[in-house]
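Asks: Given the sequences, and given the hints that come with them, work out the whole structure.
Chains as they are written, first to last, in UniProt numbering: chain A, 1 to 145; chain B, 1 to 145; chain C, 1 to 145; chain D, 1 to 145; chain E, 1 to 145; chain F, 1 to 145.
Please note that a few of the clues may not be correct.
A pair counts as met if it fits within one copy or between any two copies, since identical chains are not told apart.
[Claimed, not checked] Listed below are the simulated SDA-like cross-link pairs for lysine to any residue, each with C-alpha atoms no more than 20 Å apart in a straight line: (1) K56 to L24; (2) K46 to P129; (3) K62 to P129; (4) K46 to A128; (5) K62 to E116; (6) K62 to K107; (7) K46 to T96; (8) K46 to G91; (9) K46 to Q87; (10) K62 to E21; (11) K107 to K131; (12) K131 to G115; (13) K62 to D18; (14) K46 to K56; (15) K46 to G115; (16) K131 to S113; (17) K107 to T125; (18) K107 to R67; (19) K62 to A128; (20) K62 to G115; (21) K131 to E112; (22) K131 to Q64; (23) K131 to L29; (24) K107 to L32; (25) K107 to L3.
Derived by calculation from the structure, the hints in this document are not laboratory data.
6 protein chains.
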Amino acid sequence: MTLQTPIGKYAILLASLDEAELELFKPALQELSYCQGRVGSMNMQKVIAAAETAAKRNGIIKDQCYRETHALYHAVLEGIEGVTRGQPSIGEMSRTVGLRFAIVRGKPYEDESEGEWIAAAFYGTIGAPVKGLEHETTGLGINHI
Amino acid sequence: MTLQTPIGKYAILLASLDEAELELFKPALQELSYCQGRVGSMNMQKVIAAAETAAKRNGIIKDQCYRETHALYHAVLEGIEGVTRGQPSIGEMSRTVGLRFAIVRGKPYEDESEGEWIAAAFYGTIGAPVKGLEHETTGLGINHI
Amino acid sequence: MTLQTPIGKYAILLASLDEAELELFKPALQELSYCQGRVGSMNMQKVIAAAETAAKRNGIIKDQCYRETHALYHAVLEGIEGVTRGQPSIGEMSRTVGLRFAIVRGKPYEDESEGEWIAAAFYGTIGAPVKGLEHETTGLGINHI
Amino acid sequence: MTLQTPIGKYAILLASLDEAELELFKPALQELSYCQGRVGSMNMQKVIAAAETAAKRNGIIKDQCYRETHALYHAVLEGIEGVTRGQPSIGEMSRTVGLRFAIVRGKPYEDESEGEWIAAAFYGTIGAPVKGLEHETTGLGINHI
Amino acid sequence: MTLQTPIGKYAILLASLDEAELELFKPALQELSYCQGRVGSMNMQKVIAAAETAAKRNGIIKDQCYRETHALYHAVLEGIEGVTRGQPSIGEMSRTVGLRFAIVRGKPYEDESEGEWIAAAFYGTIGAPVKGLEHETTGLGINHI
Amino acid sequence: MTLQTPIGKYAILLASLDEAELELFKPALQELSYCQGRVGSMNMQKVIAAAETAAKRNGIIKDQCYRETHALYHAVLEGIEGVTRGQPSIGEMSRTVGLRFAIVRGKPYEDESEGEWIAAAFYGTIGAPVKGLEHETTGLGINHI
Ligand SMILES: [Mg+2]
Ligand SMILES: [Mg+2]
Ligand SMILES: [Mg+2]
Ligand SMILES: [Mg+2]
Ligand SMILES: [Mg+2]
Ligand SMILES: [Mg+2]
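Replies: Below is the structure:
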């Protein structure tokens with residue numbers, strides 16, 4: 001059960017690096033199924049919806065399959081725990097986020113029977129609802145799918 | 001108050017990339033004060049202590065200054081929220097972590113008056129206390145110092 | 001202080017069993033004061049209000065008595081922790097619930113001096129705001145009243 | 001994606017009903033893969049280990065498969081959120097639990113493609129580490145497997 | 001249901017003021033049943049036990065009555081949420097507390113039928129397990145009894 | 001690093017005592033920078049905004065400085081953990097607050113190098129959105145600034 005393909009690390013890099021920086025990782029990324037997106041909101045529901053919609057539109061998860069939606073949902077929620085660090089809300093806590101995210105699907109483990117897993121990573125800023133009054137934040141969720 | 005030096009992103013990269021991958025970011029990193037470390041434990045107290053000790057030994061924070069210890073402590077705790085995603089404990093939840101971490105200190109904002117900030121990033125694995133039954137995890141905390 | 005009347009167990013059964021299944025427990029239930037209800041919402045406030053309103057309308061708690069309202073409120077909140085498992089919100093977390101609930105009031109302990117207690121149980125589904133993309137959930141709160 | 005086999009409800013019943021009461025549900029239970037167990041402890045790690053060990057010994061999940069261990073672990077953790085209602089610890093919060101639990105594996109959804117899911121339910125008492133100073137508690141976690 | 005006797009405020013004052021400062025409030029306090037205590041620990045269980053033991057020794061709650069123990073326990077836990085602000089643990093989070101506490105029992109509401117309530121307040125310091133690396137903290141829990 | 005000026009205690013007193021009771025502490029308070037305010041709401045965002053606005057209007061923190069806004073924000077959030085005790089929301093949990101608050105800025109430590117810190121204290125009532133169905137609550141957050 002050796003972890004040979006770090007889908008979580010690739011998700012973090014896809015969410016936090018710019019195009020030029022990502023060049024270095026392109027060969028490894030080509031073996032994976034992934035998508036990237038952006039969302040800025042004071043509304044957590046929009047953040048979750050943005051990640052789910054991007055994953056479905058890009059065929060990372062099957063649209064009408066609850067099993068896959070459930071796997072992604074919990075990965076996203078775990079990523080949001082990292083983003084919000086203790087109070088899983090944004091607007092209600094008088095803060096806003098500007099996030100880039102990436103969803104990566106692949107087989108992280110050497111052993112074929114471990115199957116596919118999904119990683120949801122977020123990187124961006126969180127802060128007061130005033131431009132510039134913000135600092136960086138990140139979060140990563142991993143789930144079997 | 002533009003965010004021009006993403007100390008959080010550099011902390012994540014320092015915690016998750018290997019030496020070769022970090023080469024690309026060396027020029028930017030040379031402008032910052034940082035340290036790296038590793039810790040594997042079922043005991044959260046050891047994880048926190050490892051980060052604090054590394055930061056003090058490497059002169060990232062002043063040893064006898066509570067103000068700086070307090071700034072780092074809360075950055076570390078926020079990073080741990082991302083690592084543990086909901087239950088801020090490891091051994092009690094029957095899981096263990098194997099983490100690399102980085103502490104970065106610098107001036108993220110263009111405006112000089114925003115002063116110094118500190119970032120604590122963790123990247124590694126979390127899982128059952130059995131080799132290989134684990135998946136990736138990450139966490140980032142940011143604080144003014 | 002032996003626990004002889006499991007009001008919590010009866011509340012769970014009242015919330016999760018259908019009429020036919022409940023037949024078996026009717027003799028025991030006749031000794032208790034209870035009510036049942038249903039609520040479907042993305043709004044936690046409506047879930048809490050549905051439970052409180054049902055309890056007041058059915059005379060399980062006294063309407064104008066804060067002491068009893070407080071006892072029920074905390075029982076309901078503890079039940080909701082089980083329903084939401086970590087993030088005490090539904091709509092903001094982009095999920096919806098369809099719940100049956102039961103409030104049971106009685107004397108669980110053999111010793112008369114332990115007095116009356118209240119149980120609030122929920123059973124139903126939680127999931128994406130799309131019909132069918134949901135799984136079961138339950139929660140139970142107990143309080144002295 | 002209609003929910004036709006409520007594995008969560010069966011898990012709750014298996015954890016909370018006695019042998020005689022369970023008779024009524026025997027026909028439905030025979031279609032499912034499940035196990036039951038008991039654990040009393042102030043140590044959460046023992047509670048989690050008891051559930052995992054029972055599931056592995058009874059062949060509900062595959063022993064050396066991380067994918068299945070991970071699915072069960074998160075189901076158990078969600079069940080524990082219901083049991084502990086807010087502070088995911090027992091001994092440290094000066095309380096002890098006496099729990100019966102059940103792990104049920106099956107196909108809850110009509111649509112074959114939704115595959116197998118796992119439910120972990122707990123029912124019992126939580127209270128001061130003094131015999132009798134305790135009340136009922138329950139918790140249910142559900143995951144795809 | 002007007003709140004005429006603020007038992008929570010008196011508990012806070014009893015936990016945070018020194019003898020001389022408390023003089024001013026002595027007339028009001030004489031109408032109440034209360035006790036005070038101190039506890040320093042990295043172990044939450046000791047903090048909870050100190051409060052419970054003090055309350056029982058001073059006759060604020062009845063020793064063998066679970067109903068009263070339960071009321072106090074939840075008041076204490078709510079007070080600890082304020083003390084720990086997000087992670088309900090101390091030693092595991094690599095921190096220690098030095099607290100004074102007070103338990104006050106009385107009838108806060110004008111309306112006689114609202115009966116007795118209990119307040120548990122904590123005031124002191126929380127910080128690194130090094131003398132002086134600490135800041136103030138407080139917490140208050142209120143419950144019907 | 002002896003704690004010689006308990007800014008947290010003064011913040012609690014400023015939030016909970018009336019004018020006459022505060023007379024006793026006036027000499028000590030004159031050495032500190034502080035403000036007081038009131039807020040009643042079911043909306044947490046309004047509570048946070050009230051504290052921030054009062055602090056800025058009274059010059060306790062610098063308006064356009066993120067560093068100071070960030071320090072206050074986390075102090076306020078920690079105070080709110082005490083107020084809400086476990087579920088960091090009010091309206092969504094079907095409750096409302098009526099709070100007095102105080103923000104105090106000063107140098108708590110003997111050692112000059114520990115610099116300035118900020119305390120945010122809340123005291124008031126929390127309860128059902130019906131006049132009188134409420135009990136006392138408090139919370140205190142402390143941060144370096
Ligand atoms: Mg996991
Ligand atoms: Mg922050
Ligand atoms: Mg209880
Ligand atoms: Mg789920
Ligand atoms: Mg209350
Ligand atoms: Mg602190």
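Asks: Since the copies are identical, ignore which copy is meant and state whether K46 and Q87 lie within 20 Å (CA to CA) inside a copy, between copies, both or neither.
Replies: both (17 Å within a copy, 16 Å between copies)
Asks: Are the CA atoms of K107 and K131 at most 20 Å apart within a copy, between copies, both, or neither?
Replies: Answer is between; shortest inter-copy Cα gap is 18 Å, intra-copy 40 Å.
Asks: Can you give me the call for K107 and R67, within, between, both or neither, at a CA distance of at most 20 Å?
Replies: both (17 Å within a copy, 11 Å between copies)
Asks: Is the C-alpha distance from K46 to T96 at most 20 Å within one copy, between copies, in both cases, or in neither?
Replies: Answer is both: 12 Å inside a copy and 15 Å across each meet the 20 Å cutoff.
Asks: How would you label the pair K62, G115 (within, between, both, or neither) given a Cα cut-off of 20 Å?
Replies: both (16 Å within a copy, 14 Å between copies)
Asks: Is the C-alpha distance from K131 to S113 at most 20 Å within one copy, between copies, in both cases, or in neither?
Replies: Between copies only: 17 Å across, 48 Å inside.
Asks: Up to 20 Å between alpha-carbons, please classify K46 paired with A128: within, between, both or neither.
Replies: both (18 Å within a copy, 13 Å between copies)
Asks: Are the CA atoms of K46 and G91 at most 20 Å apart within a copy, between copies, both, or neither?
Replies: both (11 Å within a copy, 11 Å between copies)
Asks: Under a CA distance limit of 20 Å, which applies to K46 and K56: within one copy, between copies, both, or neither?
Replies: Close inside one copy (15 Å), not across copies (31 Å); limit 20 Å.
Asks: Within, between, both or neither: how does the pair K62, D18 come out at a Cα-Cα threshold of 20 Å?
Replies: neither (28 Å within a copy, 34 Å between copies)
Asks: Cα distance capped at 20 Å. Does K62 pair with A128 within a copy, between copies, both, or neither?
Replies: between (36 Å within a copy, 14 Å between copies)
Asks: Pop the pair K56 and L24 into one bin, within, between, both or neither, using alpha-carbon distances up to 20 Å.
Replies: Neither, since 27 Å and 33 Å both go past 20 Å.
In summary, the numbered hints that this structure violates are 1, 10, 13, 15, 23.
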